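Visitor: Letter by letter, the chains look like this.
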Amino acid sequence: MSKVTFSIGGVHPADAKIARAHATEVLPLPPTVWISMAQHLGAPATPVVAVGDKVKAGQVIGEPAGFISAFVHSSVSGTVKSIGPRKDIAGNPVNHIEIEVEGDEWAEGIDLSTDIVREIPSDRQFILDRIKANGVVGLGGATFPTHVKLSPPPGKVAECLILNGAECEPYLTSDFRILLERTEEIVIGAAIMRRVLGDCPCVIGIEDNKPEAIAAVREVLASGSYEGISVLPLKKMYPQGGEKQLIDAVMHRQVRSGGLPIDVGAVVQNVATSLAVYEAVQKNKPLVTNVLTVTGDCLDDAHLHNYLFRIGMPLSYIAQYAGGVPEGAAKIISGGPMMGKAIANLDATTVKGSSSLLYLSEKATRRHEAGYCIRCGRCADACPMGLEPFLLNRLYKADDLDGLIAASAQDCIECGCCLYSCPAYIPLLDFVRQAKGRAMGELRARAAAAKAAAEAAKASSSDNDKK
Amino acid sequence: MTDTVIWTIAIIAALGLVLSVILFLIAKKFRVEEDPRIDEIEKVMPGANCGGCGFAGCRAFADAAVKSGNPDSQFCPVGGNDVMKKVAAILGVEVKEKAPQVAVVRCNGTCEARPRVNEYDGAQSCRVKAALYSGDTMCPFGCLGCGDCVDACQFGAISMDPATGLPVVDDSKCTGCGACAKACPKHVIELRNKGPRGMRVFVSCINKDKGGIARKACANACIGCMKCTKVCAHDAITVTDNVAYIDFTKCKLCKKCVAECPTGAIHAVNFPILKPKPAAETPAPAEAIKKEVSNE
Amino acid sequence: MDKYLVSPNPHIHASVSTNSLMWDVVIALLPATIVSVVFYGWAELLVLAVSIASCVLLEKGIAIWPMRRPAVANSASAAVTGLLLALNLPPTTPWWVVFIGALVAIGVAKMTYGGLGQNVFNPALVGRVFLLVSFPTYMTHWEIPAGLFGADAVTGPTLLGLVNEGGPAAVEGLDYMQTLFLNIGGSAGEISALALLLGWCYLLVRRVIKPWITLSIFGTVALVSLIFHLADPAAFTGPVFNLLTGGLILGACFMATDYVTSPMTTVGGIVYGVGIGFILMMIRYFGSYPEGVSFAILLMNMAVPLLNRAFHQKKYGRA
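Each protein sequence line maps, in turn, to chains A, B and C. For the first sequence, the working numbering assigns the number 1 to the initial residue and increments by one for each residue that follows. For the second sequence, the working numbering assigns the number 468 to the initial residue and increments by one for each residue that follows. For the third sequence, the working numbering assigns the number 764 to the initial residue and increments by one for each residue that follows.
Bear in mind the hints are in silico, worked out from the structure with no lab data behind them. Be a bit skeptical, because a hint or two may be false.
Unchecked claim - Lysine to aspartate or glutamate pairs mimicking EDC-like chemistry, simulated, CA-CA at most 16 Å apart: (1) C:Lys766 <-> A:Glu327; (2) B:Lys565 <-> B:Asp539; (3) A:Lys363 <-> B:Glu727; (4) A:Lys283 <-> A:Asp402.
These numbers were taken from a predicted model, which means no experiment stands behind them.
Model the full structure from these sequences, guided by the hints.
Guide: Here you go:
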């Protein structure tokens, strides 16, 4: 058992990776898909097809609208039926492109074979262009455009590429499955990203509750053809998969408040992203598929699945194919039980970052009535950022902005450890998240004011110079 | 024995004298010169420190008024015109009268009209709920029902009606400070002119969805059908984004739109009841003025 | 389910609640409670019953009226207060004195501050100290009744009482093994250091509390008494005596570690423990009371809000 983990806080939710033994199955195509234009962090993509257009799988249908944005490709071949707002998993209207599926024809230049291409292109710009053109975004949760993350700002040097295979969320097994089934492709993806980052060393961090995955990666690495890549077993601890926590665990460095991982020489990419990078660069295949786990405490073993899905598939279609929503399900979650989003209905569709369809029973998930704080300090012990949620909660209720900033509300990573461990069931994170928003808004306003003041001072001084 | 008592008294007295002299000198040295009118104005202010005027409290309001010398750009919604007149008098100027305002809840999606489609299980806070998702009904615009406005009100003027799940404003207690409007993440609450004897007509819905979708989400929703704009003789009603809005500065309280609205989204309140309603209604109490809801 | 639940994350919760934590404390106190009942018999059972019952009922009653906030009452927490109060009293305490202690503990020290989680002082200790200063006769004269197994009734002062009057010489030749297992005389919960430490270990294993507060109290007591003892063995008792006698173990393991009245952070907890240990030794050596655990904890309770302000968690990325 490994002893390597992050140094502050953390909790130990039960593992619950009940779907781990289920091999990935390919979902058949639905009659219609709705592809969201906002599948990444940043500005939503602009549709570049019109109603009635015929599209092929892998064809660009949305173009980035800004620096931090990404291409969106059609995941199926067929006819564009409509373009317009449709509700996303939070129920907010987002531009979607509706495509009626006809056959399964792919765009030109995409290598659909399963042969592993080991030769890595040597041109950095070529690699970055391919990653960008194929719409690759971070699949660990934040869906940050990958080509942006792989282009460190001038003056910053990547010292270590960390591949995130922690999968610390209970229940989720999609990363575990691809680590087992597509090990070498993931390792090649890592080798590609290393090359882009100037051949820095790469560490693949995997929690020790997945020994099969660790062994599989070790076997590939043992071939000797992948230099500079190593695997690091990590002690199981939530939220190990958090970027800041993983950097702490692997490199023993901490990103300062408001900073980026690259400030300490780290670039963190999820293993699923690595696979997408492999497909984008080696096969010229856009990011239109991903693996999703159908799991939950109210499902029996026969109804647990790991599916390879195409983006834009309605969740209701996947649920139906998997055998319907189970009887005892009280909450449906897209993502893990700690950080996933509860969804009100299955009308929404899958996006690039979809990682699971999780059904939890009422007993497992319904919140107990909140009691009184007994000042046990468990929330503060659990917080992986070293914050004091009980204090943030109080400061938020008192609307004390200076206090919130001094108590670092802006550093919260919304991992849920505070609420998870509160014996009084106080909805700490619900309020701390609000507090974070308040603190960040205030900090932004102050920074803008300071900038404006500095510019005004500069302008007046240059005026004086003219006189 | 007597010596001890005398000495004790003498020492304490001397100590007191010396310290009071020091205190006097310090007070003189560090004295902050303030316009005495600030104190005077603060005395005539309501003293609720509610922040409804946009200042941190009553003293900040007084300070700003004295500094500008003319309180016309400021208004104390709690004290209203009476207080503003007093403030103006202290500063030796005159102010224009402003119409008193009241908080108006622009959502009538009651529990029956707007069925719940999922069960919210998070913290009972509208802001938390609004940040999470579009709400537990099909209407993504309406009241979320967690009562952030009730918490924001310093005057106890808002309460949640358990029957409808909507907040109710007590006109007699509402000072129009606007704290509730600021607290509402959905901007359901609006400050409107109170109107003569409290009579006012407003659209109690802000659903911007197209008519069909809005109607499906809530039986009482404004569907943007434009009927009200056609009957309005005063150009007070505009329909933008599928929702009607009545400009309270133009509305002449004729109530024609109320009868015209097919979903009952337009409310007229505090009008005297002229003729008794049909049998289904409970007989009106003896009061001359009663809330009249326009639902057919 | 026709309507699914929707809430912000997280969607699961650790299997821990305020009540489960309180019951863990009760379980941890069971060994000491059983030992006290075995040795003090029916009299102790009466004290326990009166104390726990009155604490629970008073909390419920006060929450319903005059507080009018029934939800404030937490029976498990009140039961812990009652149990601790009983273990802090001599077994001979009359039932009405016990009731007054419970009234002060719950009514004054807990509910006037707003109930669970709001009190500044440890309620059980406030109750005990109130009785100590109001009914010193009952609280300091130890008349030991016959135990369940027919041990003879004994009368006498506690070991610390002897030292307070006669100096270290009064307890020369004391068998420390006996104090570890069986220390007749004193409050009911103080009989067996071993039973208390067993309960403390249970709390540690169950992760109900962290060991730092208790260890820093023990460490400070050992260090202070070692220094004084080496300086003048004739005037000051040594570390072993001080660690094993009186209410130190009960206080350090169960009273000082009370969530509500101890600091939130580990560093704060260590400072708090050092403070308790130091004040306690000063009272034992120089005060007129033979024992100072209660006073030391109550004094440091006052410092907790300040300690919470002064000592914060180590934040990520702020090294």
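Visitor: What are the numbers of the hints that this structure violates, sorted from low to high?
Guide: Numbers 3 and 4, in rising order.
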